[in-house]
Amino acid sequence: MRTKETTEPSWPVFHEIVVMGGSAGGFKVFSAILSALPLDFSLPILVVQHLIPGDDGLFYRHLASTIRLPVIEPCDKQWIKHGHVYVAPANYHILVEQNGTIALSVDDKINWSRPSIDVLFESAAQAFGEQVIAVLLSGANADGAAGMLKIKEAGGLTIALDPATAEYPVMPQAAIDSGAADEVLSAEEIGLRLVKLGSYKI
Amino acid sequence: MKNPEGEHAEIDLLLETIYQRYGYDFRSYARASIERRIRLFLSNTGYPSVAEIILRIVDDQEFTFHLIHYFSIAVTEMFRDPLVYRAVREKVVPLLRTWPHCKIWHAGCATGEEVYSLAIVLKEEGIYNRATIYATDFNNEALDRACEGIYEMGKLQEATRNYQQAGGKGSFSEYYYARYKAAVMDSSLKERVVFSSHNLASDSAFGEMHLIFCRNVLIYFNRDLQHRALGLFTDSLVHGGFLCLGTKEDLHFTDFRDQYEVVDNKARIYKKKNWP
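Heads up: the sequence lines are chains P and C, in that order. Here the first sequence is numbered in this note's numbering, starting from 2 and rising by one per residue. Here the second sequence is numbered in this note's numbering, starting from 2 and rising by one per residue.
No lab work stands behind these hints, which were simulated from the structure alone. Note that this is a predicted model, so its numbers are computed, not measured. We put the beta carbon where it would ideally sit given N, CA and C, even for glycine. You may find that some hints are simply not true.
Claimed, not checked - Under 7 Å between C-beta atoms, here's a sample of chain P residues computed to sit facing chain C: (1) 73; (2) 77; (3) 81; (4) 90; (5) 93; (6) 96; (7) 106; (8) 109; (9) 113; (10) 124; (11) 127; (12) 190; (13) 192; (14) 194.
As the list claims (entries may be wrong) - For lysine-lysine, the following DSSO-like pairs were computed, each having C-alpha atoms within a straight-line distance of at most 30 Å: (15) C:274 - C:92; (16) P:110 - C:182; (17) C:267 - P:110.
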């Protein structure tokens, strides 16, 4: 386990938002990590899981039935609330605005994906900079690595699933290879880490 | 990397410059998407910063139109969200029948795929000949393509599947013919269509519409511009007229919710109330 502890400043950075991405093999890891979070978890979480078009909310319903936090498939311009999990709808990119609302788009696919993890991560880097926590999970392609690097460059905290524990290691490995990952953790460790980071506030 | 605050300010200046110099108003577009398109433009053209492109925009029209092209890329497909077209068939068409003539405004029609989809539905329901569809967009290049009605053959497979899921009554292949690798839409599908340029950010209302179709356009606007567009739609609709938005565009989150009743929540079809 590698962590960022040694490089963290002596004063705490208050994180505002968690963004997470996954593709093949992400389904199970998302449930495992998010079900570890308590009801009083203080940060909002935005999730992109690659879906087939016409998924019709399958992943969203699965998450909603397995975790404690409220899960929402948002509409455009919906306000982002603390302690809520927002799942990108099939066939839309999901972005965050600086004013704390969700923005959706039907722009071209990025990395053959809509929703694309890079699109979410880059918008989070742009809008919230160092206040972002990014988590990249299992997948068979490199979507998310470029966006994660942007978040790291903006001073945010970036965590990749340990490829040795991922069902499909290509995605987290791409982030690690490009130097985008501050920490490389197992699913269980990511859950614990988020619990700790999400209790900073209030 | 540049600090985001500085870049936000530069982007404000860029959009202001385009407006002042060329009259195209992107200042009220949804910020996250427009910033993404500007970054895409920067990385494709090799310009190091937004500040650099502001300098060029001032006196280079061709360059500016190239950039504006990035802002207006619209992605659409035939019978996108089949459930919407099914709902139009089942819940809107029966009421459209009760009017002797029906006027439909397809606002932000982009390259026209959904205009042809709607025309097909009206045709199969037997009301096409007493309908007029006003298909508008601010992007004239897209509008020209909509008017041509020629699409990549590869895309027609998905269109055929969508058409069937949308409750299509015939065979989709009746509505186009193949020419080389392209599909040319049957010309009868545009007999009742008027294509024209209209900018929701600056132009005024259309009169006496029975149905307004505006899907996945408002997501690119900020709240102010969204409010303006919804105001135009509300002014343009007859009482009892229908408004159909994108499946993730919820009228409930806007100031107009009290002026409409919900016809189909999943398909985001609303009906303007008689007495607001």
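Verification of the hints:
Taking 7 Å as the C-beta contact cut-off toward chain C, the hint placing residue 73 (chain P) at the interface is violated, the least distance being around 12 Å. Given hint, residue 77 (chain P) at the interface with chain C, holds; its Cβ is 4 Å from that chain's nearest Cβ, closer than 7 Å. Of the supplied interface hints, the one on residue 81 (chain P) is violated, with its beta-carbon coming no nearer than about 12 Å to a beta-carbon of chain C, more than 7 Å. Using the Cβ-Cβ criterion of 7 Å, the hint placing residue 90 (chain P) at the interface with chain C is satisfied: the shortest such distance is roughly 6 Å.
Residue-level restraint check for residue 93 (chain P) holds (minimum Cβ-Cβ distance to chain C is 6 Å; threshold 7 Å). For residue 96 (chain P), the shortest C-beta to C-beta distance to chain C is roughly 4 Å, which falls under 7 Å, so the interface hint holds. The restraint placing residue 106 (chain P) at the interface with chain C holds, with a minimum CB-CB distance near 5 Å, inside the 7 Å limit. Hint on residue 109 (chain P) holds. Least Cβ distance to chain C is approximately 6 Å, under the 7 Å limit.
Taking 7 Å as the C-beta contact cut-off toward chain C, the hint placing residue 113 (chain P) at the interface is violated, the least distance being around 14 Å. A least Cβ separation of about 5 Å between residue 124 (chain P) and chain C falls short of the 7 Å threshold, and the interface hint therefore holds. Evaluation of the residue 127 (chain P) hint against chain C yields a held restraint, the C-beta minimum of about 6 Å falling below 7 Å. Against a cut-off of 7 Å between C-beta atoms, the interface hint on residue 190 (chain P) is violated, since the closest Cβ of chain C lies about 29 Å away.
A least Cβ separation of about 29 Å between residue 192 (chain P) and chain C goes past the 7 Å threshold, and the interface hint is therefore violated. Interface restraint check: residue 194 (chain P) against chain C, minimum CB-CB distance 25 Å, threshold 7 Å, status violated. Proximity of residue 274 (chain C) to residue 92 (chain C) is assessed by CA-CA distance (about 16 Å); at most 30 Å being required, the pair is judged to hold. Note on residue 110 (chain P) and residue 182 (chain C): the hinted pairing holds, with a Cα-Cα distance of about 23 Å set against a maximum of 30 Å.
For the given pair, residue 267 (chain C) sits about 24 Å from residue 110 (chain P) by alpha-carbon distance, which is consistent with the 30 Å threshold.
Of the hints listed earlier, those the structure fails to meet are numbers 1, 3, 9, 12, 13, 14, in rising order.
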